[in-house]
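Throw the hints in and build the complete structure from the sequences for me.
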Amino acid sequence: AQTVTQSQPEMSVQEAETVTLSCTYDTSESDYYLFWYKQPPSRQMILVIRQEAYKQQNATENRFSVNFQKAAKSFSLKISDSQLGDAAMYFCAFLRGGSEKLVFGKGTKLTVNP
Amino acid sequence: DAGVIQSPRHEVTEMGQEVTLRCKPISGHNSLFWYRQTMMRGLELLIYFNNNVPIDDSGMPEDRFSAKMPNASFSTLKIQPSEPRDSAVYFCASSFSGGNYGYTFGSGTRLTVV
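Protein chains in written order, with my numbering: chain A, 2 to 115; chain B, 69 to 182.
Simulated from the structure, these hints should not be mistaken for laboratory data.
Mixed in with the good hints, there may be bad ones.
No more than 16 Å apart at the CA atoms, straight line, and that leaves these computed lysine to aspartate or glutamate pairs for EDC-like [to be verified]:
#: 1; chain 1: A; residue 1: Lys102; chain 2: A; residue 2: Asp32
#: 2; chain 1: A; residue 1: Lys71; chain 2: A; residue 2: Asp27
#: 3; chain 1: B; residue 1: Lys146; chain 2: B; residue 2: Glu79
#: 4; chain 1: A; residue 1: Lys79; chain 2: A; residue 2: Asp27
#: 5; chain 1: A; residue 1: Lys107; chain 2: B; residue 2: Glu112
#: 6; chain 1: A; residue 1: Lys102; chain 2: B; residue 2: Glu79
#: 7; chain 1: A; residue 1: Lys74; chain 2: A; residue 2: Glu53
#: 8; chain 1: A; residue 1: Lys102; chain 2: B; residue 2: Glu112
#: 9; chain 1: B; residue 1: Lys136; chain 2: B; residue 2: Asp125
#: 10; chain 1: A; residue 1: Lys102; chain 2: B; residue 2: Asp124
#: 11; chain 1: A; residue 1: Lys102; chain 2: A; residue 2: Glu30
#: 12; chain 1: A; residue 1: Lys74; chain 2: A; residue 2: Glu18
Source: prediction; values computed, not measured.
See below:
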């Protein structure tokens, strides 16, 4: 079974600075997808960014980018120019190709300090 | 589209009572998922449907839990009888064609069983 590990239960960053959240996963599959979800205090789970395993280019969405290291099975999220609204729980998730079951890590709580 | 709609947003019930959580997926999405989120166990997949048919219910904790999807626009998760350890946030999510582009989540139902 696939597992997703987020080794940082909590992180903090100063407003306007850059922060990187870590995620590693364990799989023997070659076809899969990786995601980062944001869960603010409102509880809504929001998709931040998505990466296809067969694509070497790292995904970017505005201030959010990933560092996808397939050989190391690492998928970190970089948030640039952090804003107060970025404060939330961030979940890394794995989806095996052909499967519909999204497997989540335990999450990282990000605090943004003004 | 209004997104995935869950009701109620909060539910407080007494131990032993029946609880029914409701979900309306995004129109056109053909897969629906029920997740449970707790501090101890994180996000756990309980059951998912594809084209209204239950595909995998291996995450349903016990026979007290049941889920139905009578049509493409409605699903329920029922707990009977409820117990205090069922207290959690229950999320419904939907996706189109396997979730390769991620799920869209509802706002969740916070269930408290006293």
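Status of each hint after checking the structure:
1. A/Lys102 <-> A/Asp32: Answer holds: A/Lys102 to A/Asp32 is near 14 Å, not above 16 Å.
2. A/Lys71 <-> A/Asp27: holds (11 Å)
3. B/Lys146 <-> B/Glu79: Holds, because 13 Å separates the two Cα atoms, which is no more than 16 Å.
4. A/Lys79 <-> A/Asp27: violated (21 Å)
5. A/Lys107 <-> B/Glu112: At roughly 10 Å apart (the allowed maximum being 16 Å), B/Glu112 and A/Lys107 satisfy the hint.
6. A/Lys102 <-> B/Glu79: Cα-Cα ~27 Å, so violated.
7. A/Lys74 <-> A/Glu53: Given that 16 Å is the threshold and the Cα spacing comes to 13 Å, the pair holds.
8. A/Lys102 <-> B/Glu112: holds (10 Å)
9. B/Lys136 <-> B/Asp125: Satisfied, since the Cα-Cα distance of roughly 11 Å is no more than 16 Å.
10. A/Lys102 <-> B/Asp124: Status holds; Cα separation ~9 Å.
11. A/Lys102 <-> A/Glu30: holds (14 Å)
12. A/Lys74 <-> A/Glu18: violated (26 Å)
Hints 4, 6, 12 from the earlier list are contradicted by this structure; the remaining hints agree with it.
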